Amino acid sequence: SQTIHQWPATLVQPVGSPLSLECTVEGTSNPNLYWYRQAAGRGLQLLFYSVGIGQISSEVPQNLSASRPQDRQFILSSKKLLLSDSGFYLCAWSGTGPNQPQHFGDGTRLSIL
Amino acid sequence: GNSVTQMEGPVTLSEEAFLTINCTYTATGYPSLFWYVQYPGEGLQLLLKATKADDKGSNKGFEATYRKETTSFHLEKGSVQVSDSAVYFCALSDTAGGTSYGKLTFGQGTILTVHP
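First to last, the sequence lines map onto chains A and B. Counting along the first sequence from 1, when you hit position 24 you're at 24 in my numbering, and nothing is skipped either side. Counting along the second sequence from 1, when you hit position 10 you're at 10 in my numbering, and nothing is skipped either side.
None of these hints come from the bench; they were simulated from the model. Values in this document were obtained by computation on a predicted structure and should not be read as measured data. Even for Gly, the Cβ is constructed at its ideal location relative to N, Cα and C. Where hints are given, some of them may not hold.
[Claimed, not checked] Label-pair restraints from in silico Cβ distances:
no., chain 1, residue 1, chain 2, residue 2, range
1, B, 116, A, 79, 47 to 53 Å
2, B, 12, A, 8, 30 to 36 Å
3, A, 1, B, 68, 30 to 36 Å
4, A, 13, B, 39, 22 to 28 Å
5, A, 7, B, 39, 15 to 21 Å
6, B, 67, A, 14, 16 to 22 Å
[What the hints assert, rightly or not] Covered stretches of chain A (chain B as the covering partner; in silico rule of three or more C-beta atoms under 8 Å from a C-beta of chain B):
no., region
7, 43-49
8, 84-98
9, 101-110
[Said to hold, decoys possible] Computed list of lysine-lysine pairs in DSSO-like fashion (alpha-carbon distance at most 30 Å, straight line):
no., chain 1, residue 1, chain 2, residue 2
10, B, 103, B, 68
11, B, 103, B, 60
12, B, 103, A, 80
13, A, 79, B, 103
14, B, 77, B, 103
15, B, 52, B, 68
One chain only, chain B, in its complex shape:
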């Protein structure tokens, strides 16, 4: 079956530090990959996505590249801000077998805390 593995948190950084949150996946078909962000007390927001190998998704200074050879989709940001403190979820959508139900498989989430 499909699965997503994220690096264990929490991750604590100082403002302007470089961020990497690792995400690897297993899938039976040709998945699309997503990063979601959840701020305290809120729902999840789509941060970025990539639909095929070598695609790079980017948004708000965050980026992630779909690496089929390493089955990875690591999230990076060059300079984090205090306002980036949140929980980050990696997810995949797999249409193996032709299903288009849109079910996502989520990682467990990584808590990021950025200090001034």
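The shape of chain A in the complex, shown without the other chains:
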């Protein structure tokens, strides 16, 4: 069966520090991968998605970037964090067929001080 791992679970970082969040998927090949941010425990904002190694699409301009160095690895990064980057970050994967559901990791709670 497929599983998705996301770490760390919680992270406290000072303003201006770098960020690296990692997500890996097991049990499937060539998944579509997604990064979301969720503010105030409610709506989800799609940040990035990827349909293959090295292929990243950004949904909104922001202080963050994403990379996909391997088929089942998706990394969210920042060179200098802002206070507004605080939130709950979720990674998800889906199959490549039409109308596939997405499957989510457990999320990373990021607090910027």
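We have chain A; now place chain B onto it with these hints.
Positioned in the frame of chain A, the structure of chain B alone reads:
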């Protein structure tokens, strides 16, 4: 563009009450529809799905019917439990134009609290 509208919450019910969370959508193609549930501090879990008109998705006592004529996908449960307290998200996946990127459009979520 695509959009999903959920009823505003929060919804507060007593245990064993009937639950309805409304969801309506707009889409340019022939979407699949999903309900996700998020328990406190966790990621989203797929609760149920429907891929074409008149399909009924069901899981754990929850069900929703894909109504193309009213562009709706309302979530229902006959008797809620305290353990159902969570945030519920309606979502659609639209492959209009042949894209299969799998992008989902989410509603804003509805907070459900069930009291004993």
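Quick rundown of the hints versus the structure:
1. For residue 116 of chain B and residue 79 of chain A, the Cβ-Cβ distance of about 49 Å falls inside the hinted range of 47 to 53 Å, so the restraint holds.
2. For residue 12 of chain B paired with residue 8 of chain A, a C-beta distance near 34 Å keeps the hint of 30 to 36 Å intact.
3. In this structure, residue 1 of chain A and residue 68 of chain B meet the distance hint of 30 to 36 Å, their C-beta atoms being roughly 33 Å apart.
4. Under the hint 22 to 28 Å, the C-beta atoms of residue 13 of chain A and residue 39 of chain B, about 26 Å apart, fit the expected range.
5. With their beta carbons about 19 Å apart, residue 7 of chain A and residue 39 of chain B fall inside the hinted range of 15 to 21 Å.
6. Range check, residue 67 of chain B to residue 14 of chain A: Cβ separation about 50 Å, and the 16 to 22 Å hint is violated.
7. Under the rule that three or more residues need a Cβ within less than 8 Å of chain B, the assignment of the region 43-49 of chain A holds, with 4 such residues.
8. With 7 residues having a Cβ less than 8 Å from any Cβ of chain B, the region 84-98 of chain A passes the three-residue criterion, so the hint holds.
9. Check result for the region 101-110 of chain A against chain B: holds, 8 residues qualifying (beta carbon to beta carbon below 8 Å, three or more required).
10. For the suggested pair residue 103 of chain B and residue 68 of chain B, the alpha carbons sit about 20 Å apart, so the restraint of at most 30 Å is met.
11. Our distance criterion of 30 Å between C-alpha atoms is met by residue 103 of chain B and residue 60 of chain B, whose separation comes to about 26 Å.
12. Distance check on the hinted pair: residue 103 of chain B and residue 80 of chain A sit about 28 Å apart at the alpha-carbon level, within 30 Å; holds.
13. Straight-line distance between C-alpha atoms of residue 79 of chain A and residue 103 of chain B comes to about 27 Å, which keeps the hinted pair within the 30 Å bound.
14. Straight-line distance between C-alpha atoms of residue 77 of chain B and residue 103 of chain B comes to about 27 Å, which keeps the hinted pair within the 30 Å bound.
15. At most 30 Å may separate the alpha-carbon atoms for a hinted pair to count; residue 52 of chain B and residue 68 of chain B meet this at roughly 8 Å.
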